[in-house]
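Novice: Next come the chains, spelled out residue by residue.
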Amino acid sequence: MTLKDPGMNTKTRLYGDQLAGFEAELDALRLSVLKQVGEPDARHIRRMRGVVQGSAIAGRSLLMFGWGPISWIAGVLSLAAAKIIENMEVGHNVMHGQYDWMNDPSLHSATYEWDIVCDGDHWRHSHNVEHHNHTNVIGKDHDFGYGMLRLSDEQRWSKATLLQPLWYALLAINFQWGVAVHDIKIGRFLKGRMPRAEFRERMRPFLRKAGRQLFKDYVLFPALAFWQWPRVLLGNLAANLIRNLWTNAIIFCGHFTEQVQTYTPREVVDETRGQWYLRQIQGSSNLEGGRWFHLLTGELSYQIEHHLFPDLPAPRYVQMAPQVREICARYGVHYNSGGFWKQYGGVLARILRYSLPPRAKLAAT
Amino acid sequence: MLRSPLLAPLNQADAWSRLAGAVNPVWSLVESRARVVRMVDEAPGVLSLWLRPNRRFGGFQPGQHALLELDINGARQGRCFSFSSAPRADGLVRITIKRKQNGPVSAAAHALRPGQVVRLGRAQGAFAPRTDHQPLLLLAAGSGMTPMMSLLEAMADAGSRRDVVLVQSASTPAELLFAPALDELAARLPGLRREPHLSGASGRLDAEAIVARVPDWALRETLLCGPDGFMAMVEAMHAQAGVTGQLTSESFGRRAAPVLPGADFHAVSLSGAHFDVASGQSLLEGAEAAGLQPRFGCRRGICRSCQCRKLAGTVLNQLTGQVSGPGEELIQLCISTPQSALELAP
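So the protein lines, in turn, are chains A and B. Residue numbers for the first sequence follow our numbering, so the first one is 1 and each next one is one higher. Residue numbers for the second sequence follow our numbering, so the first one is 1001 and each next one is one higher.
Simulated from the structure, these hints should not be mistaken for laboratory data. Keep in mind it's a predicted model, so treat the numbers as computed, not measured. Any given hint might turn out to be false.
Which chain A residues face chain B? A few, computed with CB under 7 Å, are given here [what the hints assert, rightly or not]:
(1) 100
(2) 101
(3) 103
(4) 106
(5) 110
(6) 212
(7) 215
Virtual Cβ for every residue (Gly too), placed ideally from N, Cα, C.
Bound conformation, chain A alone:
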């Protein structure tokens, strides 16, 4: 039996045997792919790490030793690509434990540290624990709107919300900082809901990591370039900016497109694994594109598959996607997928739409 909620978007719920069958099919898919994981996946992640290192060396060398605008642009693009692939294809996926089975200490989720101002342990908590567990549950998934954007009717509207397109632009430009302070929960401290001692404790890893990153990109490497320092400093700034805009766009396309569903904490009480699967699918959206596009997103273009199976090596998602889609079609579950511009357009539309007060409120005033 399939029931649909009334309203603009339709949220599919499954019950009884259908829910059990849905859960069993996704579990079986996971197991069948898990059995194939091995040598090719190990080769992939090592090759990606090599690409990151090569691209970073090339980019930084072009910035330090090159002259003229062309080598500057090439250097920026190369360094930005290194940061993007390191953050998304290597860092994000390794920190999910996708490669823990390799038993390689340099690629283990517990200790990996990535090239971004966000501290690894903070990320492991805010992302792996909170976001992946409570995906799109308003109030529990702090990634939903990042505590500064109103993206669903369940979130309260205030006059400041009208400015949210501006907040969004600022967040996108400084995205790595948004991610970095995310797990500190500054809002809770400002509202007096967090003791000062705890706040200081939470700030410490952030300050340490941020200090190191700032020193690396804006002191150490510029200084090594002697009189070329402005070129290097600006190049690093530009590379970080490109990475910020790109990762922000991809991540927002994952959960804030127009069709994604949100949930209230009450809806997910006593949720079964099958219902969790359902929520992951309906709370996520995929992007379509070529092989390099998927690679540069860290396979987060397969957001649905990633949310169903966050600990499977990401290159496997491409192989699983048609099967997930087919299972969804049979159970009548909406599988949200589209090209980058269509999905990102949807994200921007959503940001604009929810910056306006809810209709009920408009009618009342």
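The hints should help you fit chain B onto chain A, whose structure is shown.
Specialist: For chain B alone, coordinates are given in the frame of chain A:
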């Protein structure tokens, strides 16, 4: 100063090491690695690898062992093997590996080819005579012969005239390891007497057979290496005669303790996950059976890769037989079995 995290990535040994490894896979600033130079069949199912380690290796003492790690279908797995050669001037080392059923590392080692690069950890252990004058008895069964060969070669290189009896057990003549090399060694070691024992023809090498072959065994300093049952038998023999102090044995860590049917199960929590582990089963195996992937290395209590923090509960160390206290301490998952409910943190 040079190790300061502020200088990263310029001072990251890992990153430089990967660059070096791209030029030559045996080069590394952080890992002890070795290139396979030669492979020699010693007996049916037994193979010697001649390896040339890089500088991180740092040499070894006769009788020591090292962790050999291979990538098996993408996953790193390791096992300890004894060196079967004495340290040599040309830097080559030999390890001798018997192919084991259900032994992925030994199978993968047999599938290696000359020129390939393996991870060979730094030498560990101290399996060597404790005195330099007392008559020696070397008791070796099967591939337990490998460290003995290293010790004998080193004694020959040092020109030793020591009284040594080597009792070497194997089931058939073809399986007596290093027979031709021992013939050569005998010429250089005037004090060496060889007592090969063929268990296929004359039955298992038991206490009686040892006494018959070496009547003065109790007066000799004894070095022992072989399968668990054989070692337990010799240890019991020494305990009975009250000469345990004469005995040094090499067992590569944990001896397999079978999980008894009807063993108690204990609830274990490890960083948020909950599972049950039977008394007698290692926590590592229990965690893996529950679908977790804790970090591990040698799986026999040597390398400490799987070390984690026990917050509460008691465990039995299968290597030492010691029972832990109830409080917080570091334990190794691969050799710890629960005696109560446990709370663990990585």
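Novice: Taking the least C-beta to C-beta distance, is residue 106 of chain A closer than 7 Å to chain B?
Specialist: Result: holds, 6 Å to nearest chain B Cβ.
Novice: Let's test the interface hint: is any C-beta of chain B closer than 7 Å to that of residue 103 of chain A?
Specialist: It holds, given that the least Cβ distance between residue 103 of chain A and chain B is near 4 Å, below 7 Å.
Novice: Regarding the hint that residue 215 of chain A lies at the interface with chain B, is the smallest CB-CB distance below 7 Å?
Specialist: This hint holds: residue 215 of chain A lies near chain B, its Cβ roughly 5 Å from the closest one there, short of 7 Å.
Novice: Holds or violated: the hint that residue 212 of chain A contacts chain B, with Cβ atoms closer than 7 Å.
Specialist: Holds, because the Cβ-Cβ distance from residue 212 of chain A to chain B comes to roughly 6 Å (cut-off 7 Å).
Novice: Hint residue 100 of chain A vs chain B: min CB-CB distance below 7 Å?
Specialist: holds, 4 Å
Novice: Can we keep the residue 101 of chain A interface hint, with Cβ of chain B closer than 7 Å?
Specialist: holds, 5 Å
Novice: Answer holds if the nearest beta-carbon of chain B is closer than 7 Å to that of residue 110 of chain A; otherwise answer violated.
Specialist: Residue 110 of chain A check passes; min Cβ-Cβ to chain B is 6 Å, inside 7 Å.
Against the hints set out earlier in the document, no violation occurs for any number.
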